[in-house]
Amino acid sequence: MRIFMNLCKDKLAIASLVFIAVLITAGLFAPVFAPHNPEEVNMSLRYAGPSWEYILGNDHLGRCILSRIIYGIRPSVLWVFAALFISVLIGSILGFLAGYFRGKNDAFIMKLCDVLLSFPGYVMALALVGLLGVGLENILIAFILIKWAWFARVIRTSVMQYAELDYIKFAKASGISHGKIIWKHIVPVTFSDIAVISSSSMGTMILQISGFSFLGLGVQAPQAEWGMMLNEAREVMFTRPELMLAPGLAIVLVVMALNFLSDSLQVALDPRLLNSNKGNQVMAPVSKIKIQEKEVPN
Amino acid sequence: MLIVNSVEKSYKTGGLFSKKTQKILKGVSFDCQRGESLGIIGESGSGKSTLGRLIVGIEKPEAGTVLFEQKNIADRSVRLGNISAVFQDYKSSINPFYTVEKAIMETLILQNKSRKEMQAKMDQLLIQVGLDTSYKTNYPHELSGGEVQRVCIARAIAAEPKCILFDEAISSLDVSVQTQVLDLLKELKQIYNISYIFITHDIQAAAYICDRVIIFRDGQIEETADVHQLRHVRSAYAKKLLGAIIPF
Numbered sequence: 001m002r003i004f005m006n007l008c009k010d011k012l013a014i015a016s017l018v019f020i021a022v023l024i025t026a027g028l029f030a031p032v033f034a035p036h037n038p039e040e041v042n043m044s045l046r047y048a049g050p051s052w053e054y055i056l057g058n059d060h061l062g063r064c065i066l067s068r069i070i071y072g073i074r075p076s077v078l079w080v081f082a083a084l085f086i087s088v089l090i091g092s093i094l095g096f097l098a099g100y101f102r103g104k105n106d107a108f109i110m111k112l113c114d115v116l117l118s119f120p121g122y123v124m125a126l127a128l129v130g131l132l133g134v135g136l137e138n139i140l141i142a143f144i145l146i147k148w149a150w151f152a153r154v155i156r157t158s159v160m161q162y163a164e165l166d167y168i169k170f171a172k173a174s175g176i177s178h179g180k181i182i183w184k185h186i187v188p189v190t191f192s193d194i195a196v197i198s199s200s201s202m203g204t205m206i207l208q209i210s211g212f213s214f215l216g217l218g219v220q221a222p223q224a225e226w227g228m229m230l231n232e233a234r235e236v237m238f239t240r241p242e243l244m245l246a247p248g249l250a251i252v253l254v255v256m257a258l259n260f261l262s263d264s265l266q267v268a269l270d271p272r273l274l275n276s277n278k279g280n281q282v283m284a285p286v287s288k289i290k291i292q293e294k295e296v297p298n
Numbered sequence: 001m002l003i004v005n006s007v008e009k010s011y012k013t014g015g016l017f018s019k020k021t022q023k024i025l026k027g028v029s030f031d032c033q034r035g036e037s038l039g040i041i042g043e044s045g046s047g048k049s050t051l052g053r054l055i056v057g058i059e060k061p062e063a064g065t066v067l068f069e070q071k072n073i074a075d076r077s078v079r080l081g082n083i084s085a086v087f088q089d090y091k092s093s094i095n096p097f098y099t100v101e102k103a104i105m106e107t108l109i110l111q112n113k114s115r116k117e118m119q120a121k122m123d124q125l126l127i128q129v130g131l132d133t134s135y136k137t138n139y140p141h142e143l144s145g146g147e148v149q150r151v152c153i154a155r156a157i158a159a160e161p162k163c164i165l166f167d168e169a170i171s172s173l174d175v176s177v178q179t180q181v182l183d184l185l186k187e188l189k190q191i192y193n194i195s196y197i198f199i200t201h202d203i204q205a206a207a208y209i210c211d212r213v214i215i216f217r218d219g220q221i222e223e224t225a226d227v228h229q230l231r232h233v234r235s236a237y238a239k240k241l242l243g244a245i246i247p248f
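Each protein sequence line maps, in turn, to chains A and B.
Note that the working numbering has the first sequence beginning at 1, numbered continuously upward.
Note that the working numbering has the second sequence beginning at 1, numbered continuously upward.
Chain A with its partners taken away, still in its complex shape:
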């Protein structure tokens, strides 16, 4: 509750939260919100500009861009989010095990991660899609199988810097169970790191899905997907650059909202970053090492 109250003080956070909520609702109930059928071809409206009936205009087949954007939320945002969530979950569980218990667990999990990370990501995904067959689900499965290793590695490092602190030692000495220690003491402090790495890899993942769709391995042609729409617009990039705007902005806005939200969440969670009413405190960084927002190697 306190966290939510803190979050409410941040206008940007609220805006991002509302934006993401609206997006998710629109995606879930796409048939209700979309004004037209996204796959309805209408050649007479080819490259038509925005009008009252077609607010964002029409694409090269005369399809309603707004409807396609709304229908595209499902594969581009919701499914990517689900895949991201699962891979972060696997990565966190293994990362926590490795970073907290150390020893043999740690060595084994990290060697496994090293092996997985030493494969080139795209090739692995291609191989998995080759095995499982073409389709969005299979690409997402491939992503989950590849990406967890990277998350596990980063989360382990983050856990390790807290696992040796005195308050953890105290909890251990007082006989509090490992599960409780991890849940009450380590998850909250590492959450900000996890949120930052997840939100920063969300954008790359959306673009990667579109890359696979471009190769004809992901979302199949008539179905709407943001990355595919970008690719379709790419063909007429110089004659009709405005077609890139809607899907491009959609991706940028989603990634931005997620980044803002994860930043604000970090501040809302950490009492040290809030201006306490008991006087001005020196602001301290949340974690000693700031995880670099580098691209997920894939």
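Note that these hints are calculated values from the structure, not bench results.
Quick caveat, the model's predicted, so the values are computed rather than measured.
A hint or two may mislead.
As the list claims (entries may be wrong) - Mimicking BS3-like on lysine-lysine, the simulated pairs with C-alpha atoms at most 27 Å apart in a straight line are: (1) K9/A x K102/B; (2) K91/B x K180/A; (3) K20/B x K180/A; (4) K111/A x K20/B; (5) K116/B x K111/A; (6) K180/A x K162/B; (7) K184/A x K102/B; (8) K116/B x K180/A; (9) K186/B x K9/A; (10) K113/B x K180/A; (11) K71/B x K23/B; (12) K162/B x K184/A; (13) K60/B x K180/A; (14) K12/B x K104/A; (15) K184/A x K116/B; (16) K102/B x K180/A; (17) K104/A x K91/B; (18) K136/B x K184/A; (19) K184/A x K113/B; (20) K60/B x K184/A; (21) K180/A x K136/B.
Keeping the supplied structure of chain A fixed, place chain B upon it in accordance with the hints.
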């Protein structure tokens, strides 16, 4: 009550497949009675903090046993509510996301009291360690080192344990605060009849609070002496260590 029986501990120094180890503790045995306060004095690097970690069961010895009331201390349920600890670094000894109240509640909750009793006990604890009850809503970063250490002591005694380990608990405080905290500990010991195990490099602090002192060197016990007989220590190292400080 607490019996440490020829414990040994070594750490790996090489990588995953390396067999190289460095022995930190070489067969240490001692015991601590109920209500006794025992000092463990040694230079840094002598292995006394490792010994501390074994005593509170965070790590397991390679050989030998640590028994608390005839039960192995590595078992979590043996420690629960019986053992507690206060550590050196006051900056990291309380979860930064916890208020003082929540931090103390962590161990207070082990006593299965009603909500009302817990609140009363919380206030009593804070007053006992010399803090105002208004500190309950503060976060650790809003407190000074001495105050945090007092909260840690309150947290340690909240579950009314039988034994508390102090691992360099006062070394990071300045001298005037040190004496305050030591006096507080003496008082609390009389109220709750707790055993203290006091790991420190500060002989004066140890002499002030302990009944018995173990002089520790290179993973071995050099000498055990009653605090009143400190000036009569026999071993050369203990003499040297005592001679390095102001005469008693």
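Hints versus structure:
no.	hint	in the structure
1	K9/A x K102/B	24 Å, holds
2	K91/B x K180/A	22 Å, holds
3	K20/B x K180/A	34 Å, violated
4	K111/A x K20/B	21 Å, holds
5	K116/B x K111/A	51 Å, violated
6	K180/A x K162/B	23 Å, holds
7	K184/A x K102/B	11 Å, holds
8	K116/B x K180/A	24 Å, holds
9	K186/B x K9/A	46 Å, violated
10	K113/B x K180/A	20 Å, holds
11	K71/B x K23/B	26 Å, holds
12	K162/B x K184/A	25 Å, holds
13	K60/B x K180/A	20 Å, holds
14	K12/B x K104/A	13 Å, holds
15	K184/A x K116/B	23 Å, holds
16	K102/B x K180/A	14 Å, holds
17	K104/A x K91/B	30 Å, violated
18	K136/B x K184/A	19 Å, holds
19	K184/A x K113/B	21 Å, holds
20	K60/B x K184/A	24 Å, holds
21	K180/A x K136/B	22 Å, holds
Of the hints listed earlier, those the structure fails to meet are numbers 3, 5, 9 and 17, in rising order.
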